[in-house]
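Top to bottom, those sequences are chains A and B. Residue 145 in the UniProt record's numbering sits at position 145 of the first sequence, and the numbers go up by one each step. Residue 46 in the UniProt record's numbering sits at position 46 of the second sequence, and the numbers go up by one each step.
FYI, nobody ran anything at the bench for these hints, they're computed from the structure. Here the structure is a predicted model, which is why all the values come from computation and not from measurement. Any given hint could turn out to be false.
Copies of the same chain are indistinguishable here, so a pair counts whether it falls within one copy or spans any two.
Keeping only pairs whose Cα atoms sit at most 27 Å apart, straight-line, the calculated BS3-like set for lysine-lysine is [as the list claims (entries may be wrong)]:
hint, residue 1, residue 2
1, K111, K338
2, K262, K338
3, K148, K327
4, K329, K148
5, K69, K45
6, K332, K90
7, K287, K332
8, K327, K287
9, K329, K287
10, K152, K338
There are 2 protein chains.
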Amino acid sequence: MAHEKARVLIVGTGGVGTMSAYALEQGGKAEVTAVMRSNYDAVAKHGIDIDSIQYGNDIRGWRPTQIRKNVPDVAAEGLAPFDFVLVTTKNIPDVSPTVADIIEPAVTPNKTAIILSQNGLNIETGVVARFPTNPIISSVSYVGATEKSPGKILHDDPDVQKIGPFTNPNISDKVAEDAAKRYIAVYNPHGKLDVSFDADVRRVRWRKLVYNASFNPVATVLRMDTPRMRMSRHVIDDLVRPIILEIIAAATACGVTGFPEKLEESVIRADPVDTEFKPSMCQDVEKGNLLEVENIVGEPLREGEARGVPMPTLRAIYGLLKGLQLKAKESKGLWEPKFTEDNPYQ
Amino acid sequence: MAHEKARVLIVGTGGVGTMSAYALEQGGKAEVTAVMRSNYDAVAKHGIDIDSIQYGNDIRGWRPTQIRKNVPDVAAEGLAPFDFVLVTTKNIPDVSPTVADIIEPAVTPNKTAIILSQNGLNIETGVVARFPTNPIISSVSYVGATEKSPGKILHDDPDVQKIGPFTNPNISDKVAEDAAKRYIAVYNPHGKLDVSFDADVRRVRWRKLVYNASFNPVATVLRMDTPRMRMSRHVIDDLVRPIILEIIAAATACGVTGFPEKLEESVIRADPVDTEFKPSMCQDVEKGNLLEVENIVGEPLREGEARGVPMPTLRAIYGLLKGLQLKAKESKGLWEPKFTEDNPYQ
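Work out the full structure: start from the sequences and follow the hints.
Below, the structure is given as structure tokens:
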């Protein structure tokens, strides 16, 4: 019965957001409102085409329950409150409006649970502060999904997520945990998906960073796919491996311990050797997009260094990413160089 | 009188080599044979056009005494021996034939002095070993000269050189020093040029590396000009400054001491802020050329690390340059990736 379905708003409907929209509607327990920007017109006209490793290669003209161009203002528009707001946008706090600013009109105090499906550390800080009465939930996603052109999705790695509550001083552990489990029940009602609860959000996030702070930014700086990276002794031994070890040391200093012995070896060999895969940030630099520098590299670096962990390799990569970010900002008209002696440091 | 002129062979006649050819012929004490490759046909037909900050913007159709397509084989061709062989090629020992291999046919034992006008450390090693009876001379050049198209040279920074003998176990200090001074007398007979003797070759070379191992490779990885680098706090503080300090520490460990206090500050502000200058290696990466990785970055890194100096920032940059070198090799057909599990490390 439709009135029993959970109302879910998805903000950021690229590849990952679209596959969540599809999974949520497929499960039969949710009705999804999807906020679309660049792809709104294409989807309004033709719907969404999906070639999916999980749902088949013949999904054509699909639409979620509702699509919108803007984040709804629930109070002003007199809408029923959303049970869940799922955020799958990129996180670029050094440039863009914050997630809290973007979603604020759609969040009903004491009601809406907010799921942040974004990479890296400390993504919840501003959201926890802005919405003290709302549960804030972490989703760490391993899905592979890319929007090849507006409304055309290639879904080439299964939808795997680890979901749990962020640490939140405003909300009791029980309330936060219940909200996370409720979301999983809505997302994965038949238990068919590998979308499961994991209470140890910090561990899940640091674990993903072992790959995501090493291969991802090094691929970005080199504009190189992961098999070629593995063919270069120097790229592995001078960059990827040291960063992995620095991340593990930082996690350990933060109390996240017990990673397997020789984790670096399995991470180095995790990607298939016969697929010329470029990690997401590398795809971004090649498209001239802004980069998710701060949560994926800056925050683990600051967490580790604040605890006295030497992280010189990640520090160097961070400096390079910030340089590339400045170039991306300039190309988008968000920064202008000034060729004068009073050096305007950025 | 022509028969008293020194016979000079120049191998590598791009911007720097051409300006040396011009200076040598202008001085009246040398007759130059220039080995040209990609620019031979253009120069044979039209000569060389030079827009020069030192010699005027109207040099048109100039030619040295002789131009050749190949390094002469002095013995086989029955030529008079060369007094000097000046090498101004790039140094890419990880890919190309060695300098010793290239110049061997033109070197007459006990007679020819070899001048290496190339950047970085340990460029003389193979040459000293191959030519035990020949003086080997270092030129560290600060000229700005670029071949804009075949035979068209823009000379925009004056010809400044520091010249001295390399350490050479086979040759007495006196003989080596005399050869260096003889070369200066031929190059700069009227004392008009800032081309002078400096016996402390190691110091001169490490001093140039303070800039050349920091700004040059970081600009290369970022594909960014030096004023924009200075506008980025992260590029300076996370990369350029740490590398400068690592280079100074490595030099110190090698016994090259007494650099000025706060040298890093003056090096960081050395380039003009209003000229969008990209260092040579950055120009190379943008053209898809092979990079001078080993002598400019690899050798100072190995010298420092062998003496226990921590150089993590330069180590990371070295790994990135080797990754970029692999891409350049692939694009030139010098390396082919193999997408198999028996990972062929390069």
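Do the hints match the structure? See the list:
1. K111 to K338: neither (48 Å within a copy, 54 Å between copies)
2. K262 to K338: between (48 Å within a copy, 25 Å between copies)
3. K148 to K327: both (24 Å within a copy, 26 Å between copies)
4. K329 to K148: within (23 Å within a copy, 30 Å between copies)
5. K69 to K45: within (14 Å within a copy, 64 Å between copies)
6. K332 to K90: Cα proximity of K332 and K90: one copy only (17 Å, versus 36 Å across).
7. K287 to K332: So K287 and K332 pass the 27 Å test inside a copy (12 Å) and across (24 Å) alike.
8. K327 to K287: both (12 Å within a copy, 19 Å between copies)
9. K329 to K287: Both. Shortest intra-copy (13 Å) and inter-copy (24 Å) distances satisfy the 27 Å Cα cut-off.
10. K152 to K338: neither (41 Å within a copy, 32 Å between copies)
Comparing the model with each numbered hint stated earlier shows that hints 1 and 10 do not hold.
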